[in-house]
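With these hints in hand, go ahead and build the complete structure from the sequences.
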Amino acid sequence: MKQLVIQAFGDADQLKLVEAARPALAPGQIRVKMHYAGVNPIDAKTRAGLGWGAQAIKDKLPWSPGFEVMGSVLETGAEVSRYRPGDRVFGLVAGGGYGEELVVEADELLPVPAGVSDEMAAGLSLAGATAWQGLTDHGALKAGERVLISAAAGGVGHLAVQLAKHLGATVVALASPSNHDFLRGLGADEVIDYRNETQLAGLVPVDLFFDLVGGTSGVTLLSHVKPGGRVVTVPTITAEQIIAAAGALGLQATGMLRRIDNTQLEQLIQAVADGTLQVVVTHCYALAEGAAAHRQIESGHTRGKLLLRG
Numbered sequence: 000m001k002q003l004v005i006q007a008f009g010d011a012d013q014l015k016l017v018e019a020a021r022p023a024l025a026p027g028q029i030r031v032k033m034h035y036a037g038v039n040p041i042d043a044k045t046r047a048g049l050g051w052g053a054q055a056i057k058d059k060l061p062w063s064p065g066f067e068v069m070g071s072v073l074e075t076g077a078e079v080s081r082y083r084p085g086d087r088v089f090g091l092v093a094g095g096g097y098g099e100e101l102v103v104e105a106d107e108l109l110p111v112p113a114g115v116s117d118e119m120a121a122g123l124s125l126a127g128a129t130a131w132q133g134l135t136d137h138g139a140l141k142a143g144e145r146v147l148i149s150a151a152a153g154g155v156g157h158l159a160v161q162l163a164k165h166l167g168a169t170v171v172a173l174a175s176p177s178n179h180d181f182l183r184g185l186g187a188d189e190v191i192d193y194r195n196e197t198q199l200a201g202l203v204p205v206d207l208f209f210d211l212v213g214g215t216s217g218v219t220l221l222s223h224v225k226p227g228g229r230v231v232t233v234p235t236i237t238a239e240q241i242i243a244a245a246g247a248l249g250l251q252a253t254g255m256l257r258r259i260d261n262t263q264l265e266q267l268i269q270a271v272a273d274g275t276l277q278v279v280v281t282h283c284y285a286l287a288e289g290a291a292a293h294r295q296i297e298s299g300h301t302r303g304k305l306l307l308r309g
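The opening position of the sequence shown corresponds to residue 0 in numbering that gives the first Met the number 0, with each subsequent residue numbered one higher.
A hint or two may mislead.
[What the hints assert, rightly or not] Ranges between beta-carbon positions, derived for each pair:
1. A287 / P226: 49 to 59 Å
2. T135 / L248: 18 to 28 Å
3. G167 / S116: 21 to 31 Å
[Stated by the list, open to error] Quick list of in silico lysine-lysine cross-link-like pairs, DSBU-like style, CA-CA up to 30 Å:
4. K32 / K1
5. K1 / K59
6. K59 / K32
7. K32 / K15
8. K44 / K15
9. K164 / K141
10. K32 / K57
11. K44 / K57
12. K59 / K44
13. K59 / K15
14. K57 / K15
15. K44 / K1
16. K44 / K32
17. K141 / K59
No wet-lab data here; the hints were simulated from the structure. Just so it is clear, the structure is predicted and the values come from calculations on it, not from any experiment. Every residue gets a Cβ at the ideal spot worked out from N, C-alpha and C, and that includes glycine.
Written as structure tokens, this is what we have:
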């Protein structure tokens, strides 16, 4: 089977399409034909040798990225009664999604409800879990509060806008002007050009800042949080910097690592099925175009989700 792997840390050209052996199927496992794999910033950072993801796999190279997958069941191992061949499944895995097939424990993935497209299911799990856990588990966002979301048009951001609105918050979205109408259509109450200092200066302070950019940008935006307000910063590489700067301003700040919670994923996919949550997929790349997909996600100017097609 064809699989994208990284044989050494480095730039996007380190992604190589190779012929890999089909993994064996053990009791309790399912073999899945990958239809789509989500392309996320964590994939590119891990490939580059940065952050916790790279530390976890540095001794396991060559290694295939891909934590967010959707596909159909090809084969079930002994003791699997939940699925049959042909069933559509999606969810979070520990890597290996960038391949034509993967073998996982049957309880790792979830069924895709009728009426939910393959593409929407493929782009939901990692970005949706990050958005939901950041806003609720870590950010404790409540109805009536104001939340500022940076990189609001991106994979996590565009879902966070919708989820925060669903929670009853007033949503302030930061994005380039070309994405303003897009974000208003998703429910953002206020949309601001992150490069427009005049607009930023007029921003009414927020209760929660959901920081999806980190670094210098994240530090600068801390001034728009109410005294005693809260900050959740997602990029792990600059989390310590943001937390220290927030603490100096008297703000409550935390980093986060997305965890796998299939109960949450069931609720999120049901929201997609009900039409209350929209996963916007802007481009699907062929598996052989993995390097191009990584270069795009690293540009920092992606609307919605990018996928690899199996």
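Any hints this thing doesn't respect? Which numbers, in order?
-> 17
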